[in-house]
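Trainee: So you can see what is in the structure, the chains are spelled out below.
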Amino acid sequence: MKIKAREHATGYLFVTPLLVLFAIFLFYGFYFIIQTSFFKETLSFRDAEFVGWENYRMVIEDSRFLYSIVNNLVFSAAAIVIGVSVGCLVSVVLSIGIRGSKFLGALFFIPSFMPLALIAMVFSIMLEYRFGTLNQLLHGIGLDFLAQRWLSNPEMAYLSVISISVFLIGLPMMYYNADMTTINSGILEAAVIDGAGLGRMMWNILFPLLKNAHKTIILSTLLGSFREFERIFLLTQGGPAGATENTSVYIYSFVRSAGANIGFVCAASAIVLLIALSISVVQMLAFRTKARKGGRG
Amino acid sequence: MNISLVTRRQKRIITVFLYAFALVWLFPFYTAIRNSLKVNGFKNYVDLFMGDLNGISLLGTFRNSAFIALGSTVILLAVGSLAAFAFSKLRFFAKEALYATVLLCLAVPGVVILIPFYYILKNVGLYNTLWSVILSEAVLTLPFAVLMMRNYYDNLPPELMESASIDGATKLQMFNRIYLPLSTPALINLGVLSIMWSFQDFLLPLMFLTDKSVLTATVAVNTLKGLFGFSPADYGKFNAALVVLGMPGVIIFLFARKYITSGITSGAVKD
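Protein chains in written order, with UniProt numbering: chain R, 1 to 297; chain F, 1 to 271.
Simulated from the structure, these hints should not be mistaken for lab results. From a predicted model like this one, the values you see are computed outputs, not experimental measurements. Incorrect hints may appear among the rest.
Simulated crosslink set (SDA-like; lysine to any residue; CA at most 25 Å straight-line) [claimed, not checked]:
id, chain 1, residue 1, chain 2, residue 2
1, F, Lys258, R, Ile271
2, F, Lys89, F, Val74
3, F, Lys225, R, Ser152
4, R, Lys102, F, Ala20
What the simulated footprint calls covered on chain F by chain R, stretch by stretch (three residues with Cβ under 8 Å from a Cβ of chain R suffice, anywhere in the stretch; the number is not a length) [what the hints assert, rightly or not]:
id, region
5, 43-49
6, 132-138
Using N, Cα and C, we set each Cβ at its ideal position, and we do this for glycine too.
Only chain F is shown next, with the shape it has when bound in the complex (with noise of 0.2 Å):
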């Protein structure tokens, strides 16, 4: 909006205010990382990524983490945009009920399904592979790929069906040549969503990652604080372990803001 709305004395008053509580807002910020400088100070940093904390390696973790949420969005890309076309442009018996079954299955909460996922990944021999978490997390996001991938294919105009159509194309080809290429847009949005919020995941790998060596980095620093003693050179460490779990975030932030707002509003605000 660029009208001028408020007076400048308005503004002036506004500007002091937001600051103020920005400044409260770094706090939390300021709390890490000034305890991740005590003791040793920056050597803390050093130390994370040169040797093990008790036996667990933090680059390790974070390759744990980068595995899981590339696997889980590839599938979810995948499983769900072919899923979507077909809600969007095909037409097939029970379609909207099988659309709305979908959508619903976008409230189950993590925590509940966690048993029967331990059982049937025990039973497939997945339990504390990265697997487990990968299958669990795609299954998880998939109602909010469908949901967002068939709200763009109802923006692609139905008459390139038509015109392909005559050309003597099958449907596979349809989707493969012509909406798939067309919706690389939505296809990234949704790839940094599912990457980030799979970094963002706690409770999957908490339950189904046991194994020092499979743990990812959200899950390690939990562990590390039960390891650690309370010595304060190990709790310098460990808050610097925090830091370095923001920074996927700052990173993201950084370089893909922009998908993920576009992705989560046109998956939620249809406008």
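So here's chain R without its partners, still in its complex pose (with noise of 0.2 Å):
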């Protein structure tokens, strides 16, 4: 069927506020980063001197940006993991009913609304050697030896970036709440009358059907591990010495550092938005062919 040009133009016009927002702030902004990774300059944006692919070169061969794309890639399968196991067998066991499982829903959905940041500042209060209320409690118990340097030594420092992810359940319970309520309880019924034990119904039949919250967990703590930013930049500073660094505290701590070299923050973000968009394409397929095989327009 033939569009008419008329169509062609009204449906541009309704796309064109979006286009324009894109247009002057993504698009030119890609395009910014790539023409000024190629060049020498300062965030005053002057005398900037063109460099070709050395900017490029100095990031690749940085160990310390390799080790922060390692460490994006550890925090969140280390949030996957958590996200999958104590996630789901929270919000499976909440849905049994047991007393009080709408205070406990609500106790462990609380932390996901709150502003990261502010998670953070409480955990590296509460981490604190000397003082921190987590060290003091252990005092007080009597189990002294199990006081640690929770952030200022370096297996730690990566326990206690990972220890935030237990407390931010709320988003996977939230996606296997949604996921449960598509499951018919037939299934289970049946599984009940066959003898199925709890264990085994959870591990064989409960936990496969919740596929799709697995998959949208995975991919999208994946992605969400590229734009993180708050954790690692309030509780450890990507410290001891780089150990917990991710890629978005190494970029920030360029570009706030005094005459940093713009173009090579330029650099070091043009590969992890390239790493990034990868990872959005993979998920777009995932979801394109799930949708076709479901037989869903």
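Hints are included, so try docking the two chains, each in its own frame, into the full complex.
Mentor: Here is the structure:
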């Protein structure tokens, strides 16, 4: 069917505001990043000096940068494992209907509604070595040997950053709750009649049935890890000695250091952007095949 | 699920286990509240709202946060619903390719786009104004808004268009009088989400708002941390500020949880 020119025009009229905003901020922004990445210049954007691929070479050869990407992946892997295990378990268990499940549900959701900056700040106070409440509690109940330098010992700092993910299972729980409403309870009843115990039911029936939620959580967590900033910036500043640095904190540290080479920042940004966009493509493909398989338009 | 999957004994074990987990969970809350009452007790809270904190008024920062949240939400709803309607119900050149491009932008990390935004905002004279954050937040949230609203419009019947066009309505009238009112639930979901995300935002205001008069609540606490000395009295006040900062989250949860849940899940899990 041929579409009239007028209809094309009407369509574009509706998307114009969106395209204008995107053109000014995002598309020009991408162009700006790529162009600037070939120059050596400061945040005053004066005295730009063309350096070719030099900035990219420096970024790729910087072990801190590679390490920050690895950290992104490690932190998101941990968040995924926690979301898919603890998040799934808690949502299923709450749906069984125990006493006070409404209150408990609220409790587990609330942190996800708060600024991550706030949570990171509270954790940093809580985990402080000398005055932090966690170590004080451990001293108080006579478990002194468990008290740790939670944030200044590299392994412990890793653990501390990851521990916040446990506090943020609200979002995975939301996906699981939504997915659980689509499960046909007949399947579960049949399993009960066949004599399946609780553990079997969880592992062999419920868990596989929730695969849509798993997929959403895995992809969105992975994508989110390249956006995440506050948790590490406010908890460890990427420290000790860069051990917990992720790509956002890495890039930001160069934005704010005096006399920084913005071309270098843009080269790092371009690489991170490319990775993030690739994950986004995977995500789109993953959901497109699903829609087709389900036979839904 | 209302079938008896578990025996009473299993239920009891699960309950005990879950409450133990919740107790550990409450520990950060306990930390913040306990520290906020140090030295001056509840007076820490009163002081927060009565006076300036090194030239920063906490109420003022909440006003800034609210203005930014409302501003970016209005832009998001207007621009997002218009575009989503076109992507769902109109036919035009390269529509699906354009839609895919918009969705791709879901992935843009804030920190990556910080420098170009800084450059653009500085050049148009919006740096250090609330509009800088309003616009950048709206731009970064728009892909999600388009995704979510398009999913919603896709589920509205196209037949309404046909009957309206027989009555001689233009596309804009169809949008305005028929589809926009029908999408009110989705608009509310999106609006609540957008307000919540705006209140949570840290990086954009941190970078674009450096004047004390335009600080947002989330960033103000970070600034206060630097400004306060390490005296125990300041420490109490600082922790009280943290508790106050958590309040919008609790309030949003109490009043708007279902909008957030259905918004996030309708945007992500397409079933």
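Trainee: Now tell me, hint by hint, if it's right for this structure.
Mentor: Hints and how they fare:
With a CA separation close to 38 Å, the supplied pair Lys258/F and Ile271/R exceeds the 25 Å bound. With a C-alpha separation of about 22 Å, the suggested pairing of Lys89/F with Val74/F holds against the 25 Å cut-off. Proposed proximity of Lys225/F and Ser152/R is supported: the alpha carbons are some 19 Å apart, at most 25 Å. For the hint pairing Lys102/R with Ala20/F, the CA-to-CA distance comes to about 16 Å; that is within 25 Å, so the pair holds.
With 0 residues bearing a CB less than 8 Å from a CB of chain R, the region 43-49 of chain F misses the requirement of three and the coverage assertion fails. Residues of the region 132-138 of chain F with a Cβ under 8 Å from some Cβ of chain R number 3, which satisfies the need for three, so the listed coverage holds.
This entry does not satisfy hints 1, 5, going by the numbered hints stated previously.
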